[in-house]
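The hints should help you fit chain B onto chain A, whose structure is shown.
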Amino acid sequence: MVDTSAITLSENRAVERARIRKERVRSSLIDLIVTLGTIMIALLIGFIVTLAVGKEPIKAYTALLTGPLSQVNRLGNWIQDATTLILIGLSVSIAFQARQFNLGAEGSLLVGALTAAVVALYVPLPPVLGIVVPLLAAMTAGFLVALIPGWMKAYLNANEVVSTLMINAIIANLYQYLLINFLTPEGDNVRRSALLPATSAFPLLADIFNANLGRANLAIVLVLIAVIAVWVLMRRTSFGYEVRMIGANEKFARYGGINTRRVIMLSFAIGGAVAAIGGVHLALGVHNRLILGISAGLGFEGIVVAMLARNNPLLVPITGLFYSYLRIGGDIMERTASVGAEIVQVIQAVIILLITAQFVIEFVRARRNTSGTSSSRTAAVSDATAVPSEQSRRNI
Amino acid sequence: MESVLQVIFSAVFVSTILRVSTPLILPALGGLIAELGGVPNIALEGMMLTAACAGVLVSAYTQSEWLGLLAGVLLAEIMALILGFFHLNLKADIILVGLALNILASGATIFVVYLLTGDKGSSSKLVSLQMPTVDIPFIKDIPVLGEILSGQNLLTYVAFIATGLVWLFLYRTRPGIHVRAVGENPDAARSVGINVTAMRYLALLMSGFLAALGGIHLSMGYVKFFQRDMTAGRGFIALAAVYLGAKHPVGTLIAAVVFGAADALSIQLGNLKIPSQLVQMIPYVVTVASLILYAVVRKRQAAARQRKFQQASL
Numbered sequence: 000m001v002d003t004s005a006i007t008l009s010e011n012r013a014v015e016r017a018r019i020r021k022e023r024v025r026s027s028l029i030d031l032i033v034t035l036g037t038i039m040i041a042l043l044i045g046f047i048v049t050l051a052v053g054k055e056p057i058k059a060y061t062a063l064l065t066g067p068l069s070q071v072n073r074l075g076n077w078i079q080d081a082t083t084l085i086l087i088g089l090s091v092s093i094a095f096q097a098r099q100f101n102l103g104a105e106g107s108l109l110v111g112a113l114t115a116a117v118v119a120l121y122v123p124l125p126p127v128l129g130i131v132v133p134l135l136a137a138m139t140a141g142f143l144v145a146l147i148p149g150w151m152k153a154y155l156n157a158n159e160v161v162s163t164l165m166i167n168a169i170i171a172n173l174y175q176y177l178l179i180n181f182l183t184p185e186g187d188n189v190r191r192s193a194l195l196p197a198t199s200a201f202p203l204l205a206d207i208f209n210a211n212l213g214r215a216n217l218a219i220v221l222v223l224i225a226v227i228a229v230w231v232l233m234r235r236t237s238f239g240y241e242v243r244m245i246g247a248n249e250k251f252a253r254y255g256g257i258n259t260r261r262v263i264m265l266s267f268a269i270g271g272a273v274a275a276i277g278g279v280h281l282a283l284g285v286h287n288r289l290i291l292g293i294s295a296g297l298g299f300e301g302i303v304v305a306m307l308a309r310n311n312p313l314l315v316p317i318t319g320l321f322y323s324y325l326r327i328g329g330d331i332m333e334r335t336a337s338v339g340a341e342i343v344q345v346i347q348a349v350i351i352l353l354i355t356a357q358f359v360i361e362f363v364r365a366r367r368n369t370s371g372t373s374s375s376r377t378a379a380v381s382d383a384t385a386v387p388s389e390q391s392r393r394n395i
Numbered sequence: 000m001e002s003v004l005q006v007i008f009s010a011v012f013v014s015t016i017l018r019v020s021t022p023l024i025l026p027a028l029g030g031l032i033a034e035l036g037g038v039p040n041i042a043l044e045g046m047m048l049t050a051a052c053a054g055v056l057v058s059a060y061t062q063s064e065w066l067g068l069l070a071g072v073l074l075a076e077i078m079a080l081i082l083g084f085f086h087l088n089l090k091a092d093i094i095l096v097g098l099a100l101n102i103l104a105s106g107a108t109i110f111v112v113y114l115l116t117g118d119k120g121s122s123s124k125l126v127s128l129q130m131p132t133v134d135i136p137f138i139k140d141i142p143v144l145g146e147i148l149s150g151q152n153l154l155t156y157v158a159f160i161a162t163g164l165v166w167l168f169l170y171r172t173r174p175g176i177h178v179r180a181v182g183e184n185p186d187a188a189r190s191v192g193i194n195v196t197a198m199r200y201l202a203l204l205m206s207g208f209l210a211a212l213g214g215i216h217l218s219m220g221y222v223k224f225f226q227r228d229m230t231a232g233r234g235f236i237a238l239a240a241v242y243l244g245a246k247h248p249v250g251t252l253i254a255a256v257v258f259g260a261a262d263a264l265s266i267q268l269g270n271l272k273i274p275s276q277l278v279q280m281i282p283y284v285v286t287v288a289s290l291i292l293y294a295v296v297r298k299r300q301a302a303a304r305q306r307k308f309q310q311a312s313l
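Line by line, the protein sequences are chains A and B.
Going by numbering that gives the first Met the number 0, the first sequence opens with residue 0, and the numbers climb by one from there.
Going by numbering that gives the first Met the number 0, the second sequence opens with residue 0, and the numbers climb by one from there.
Don't read these hints as lab results, they were simulated from the structure.
Since this is a predicted model, take the numbers as computed values, not measurements.
Here a beta-carbon is modelled for each residue, glycine too, at the ideal position from N, C-alpha and C.
One or more hints might be untrue.
[Stated by the list, open to error] Here are the simulated lysine-lysine pairs, BS3-like style, with alpha carbons at most 27 Å apart: (1) Lys90/B to Lys246/B; (2) Lys124/B to Lys223/B; (3) Lys90/B to Lys250/A; (4) Lys250/A to Lys298/B; (5) Lys139/B to Lys223/B; (6) Lys223/B to Lys119/B; (7) Lys246/B to Lys298/B; (8) Lys58/A to Lys119/B.
[Said to hold, decoys possible] Derived coverage of chain A by chain B (criterion: at least 3 residues anywhere in the stretch with Cβ under 8 Å from a Cβ of chain B; other residues may be distant): (9) 160–167; (10) 341–347.
[To be verified] Here are some chain A residues the structure puts well away from chain B; computed CB gaps all over 12 Å: (11) Lys21; (12) Val33; (13) Leu155; (14) Asp187; (15) Asp206; (16) Phe238; (17) Tyr324; (18) Thr335.
Bound conformation, chain A alone (with noise of 0.2 Å):
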């Protein structure tokens, strides 16, 4: 007797998980199509304004489409912006899954940056540790900085977007007050660090392929390492889960035993160290040295890139490249069309506007299915406090 009902649990159980996996399937094929549904649509937008404008709109779009792939260098010009932005994407989904508005990745990728480059000026270090040393000082300097909010918002209460923007501001005037004073060789009349020892320089892909592949590097394999760690760190352990149930619901992880404080100071400084590597990505290996502005707004684009990728880490990868396909084709379309590189941001603000609504639409779809089978939240949900009770549990 015993027996028997315990196969039939087992059994029930493969039933249920097979039925979970399908679920899981369904609803992120249902994304994939959300997701590039909202695409077309900015685009189609951008291509109505194209329109209204008049200035050649079909060769316009075509260079916009089709410009990255046009020229080798120009694919170049597309891994090197892309590198960055994956790594922003990166750093900027951890926060959010909590529902954190993190949006420090600019002044933890400016620290990363300015800490890589100092310590590869200053510190005479041989070939592989002269990335190694600079890249872990930058990645621990992004966590550190990024350590600030996070403890303001965790311990204290403090309102994230405010201090994450106003410390963003601090360190960018910091950055240009060392790059200004104290960086830049005498003589020169550019603001701009000297250059870094050779040592310190990612390999460049154009020297490796000998094609003119413009300044991608070899940054790349840390994108496919961070790409990986964020995901195991997310979806294999248990701070990540806490992280997502903190996400879910902040009061019921905190009841559930999660010590929400820690984690959520815990995923600013995280996000923090990624988005350096992005620092040191741009020091590194893009200009080989420091230079006014290196960052431009790259934060808050990596927001972009994020959200198109609903903060799964491992989408983050292809919404950086489509997001940096666009970046680059807009250079080209206003070289050759003279429209502006700017509609590429309106494009960006469409598909961030339907995005947040679509969250709406999911919601409502979510509650309408009360039975709670076939929406994609509560499979979600359901499947996220079947699996870790054992993990609460440690935690209590």
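Relative to the frame of chain A, chain B by itself:
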């Protein structure tokens, strides 16, 4: 050091502070109303930028500064309506919608200026107008005071008057009290028959109006051209002023003037070989420090109250 003090205590400097503070005070008041209504307006920056751009373009083509002002206000209000529609009707997150509007404003203004003038940097090819300056009779003849108080741009006076009006609105009128009630506790407000959505739309529209005036002052006040991204983060500083000012109109005004003073100081000190970046950092450092201080004090008070309560119940 002497020269620094000379700079700070000159009438020109004080007058500069008033001028530089204007495009901070106005959006900060707008941010305050939205914040108290429970709809934090991250899009202040974009609204200012849009108004600044529209004002210059319309005034250049119609040769009327008032039509320029009207166009700027109208566009900012449309943005406020979009923000409200996505957040209040579609329930989208207001921070993300605000960010989208900022990106839209930054891109669209450059796009339009480039389209009309062929220049991406600024609208300097167009002949746009300025809002009038005001000479106050009698006061303008007083030696130092006249130099400071008279002859400012109309919008500078509007900013200070608006502070009083916003205070009156929030604390002495029915809709204002309703806006604050809705921000404090929407469910409680709804239960006594207040229309939460309508009050929040009202808060966002007022916020957009004040932000637009700030934007107009930037491009049609002291200078008369539009420059790409000319708000340069003022919308966000305005937001910080709301928090630094403890979410009160007078506090917000003082905070905005403090930020303006730091800004003015960095302009003046540029000639004296003191790094302007360090001076410009001051307002941000002050804001972060005061955010921390405010939270710590509040926590202490709460703890003290709890202790008292426990003692009383024993």
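Evaluated hints:
1. A threshold of 27 Å between alpha carbons decides the hint, and for Lys90/B with Lys246/B the separation of about 25 Å falls inside it, so the pair holds.
2. Distance hint between Lys124/B and Lys223/B is fulfilled; the C-alpha atoms sit about 11 Å from each other, no more than 27 Å.
3. For the proposed pair Lys90/B and Lys250/A, the alpha carbon gap of about 21 Å is at most 27 Å, so the pair holds.
4. Proposed proximity of Lys250/A and Lys298/B is supported: the alpha carbons are some 19 Å apart, at most 27 Å.
5. Only pairs whose Cα atoms come within 27 Å are accepted, and Lys139/B paired with Lys223/B is accepted, the gap being roughly 24 Å.
6. This hinted pair checks out: Lys223/B and Lys119/B have alpha carbons roughly 16 Å apart, not beyond 27 Å.
7. Between Lys246/B and Lys298/B, the direct Cα distance comes to roughly 18 Å. Compliance with the 27 Å bound is thereby established for this hinted pair.
8. Distance check on the hinted pair: Lys58/A and Lys119/B sit about 21 Å apart at the alpha-carbon level, within 27 Å; holds.
9. Only residues whose beta carbon comes within less than 8 Å of a beta carbon in chain B count, and the stretch 160–167 of chain A has 6; three or more means the coverage holds.
10. Evaluation of the coverage hint for the stretch 341–347 of chain A: fulfilled, as 6 residues show C-beta separations to chain B shorter than 8 Å, against a requirement of three.
11. Separation of Lys21/A from chain B is adequate, the least Cβ-Cβ distance of about 29 Å exceeding the 12 Å criterion.
12. Every beta carbon of chain B lies more than 12 Å from that of Val33/A, the smallest distance being close to 15 Å; the non-interface claim holds.
13. Remark: the non-interface label on Leu155/A conflicts with the geometry, its nearest Cβ contact in chain B lying 3 Å away (cut-off 12 Å).
14. Residue-level check passed: Asp187/A sits 18 Å from the nearest beta carbon of chain B, beyond 12 Å.
15. Residue-level check passed: Asp206/A sits 34 Å from the nearest beta carbon of chain B, beyond 12 Å.
16. Chain B leaves Phe238/A outside its interface by the beta-carbon criterion, the shortest separation being 24 Å against a cut-off of 12 Å.
17. The beta carbon of Tyr324/A sits about 17 Å from the closest Cβ of chain B, which is more than 12 Å, so the claim that it is off the interface holds.
18. Once the 12 Å rule is applied to beta carbons, Thr335/A is consistent with being away from chain B; the minimum gap is 15 Å.
Of the hints listed earlier, the one the structure fails to meet is number 13.
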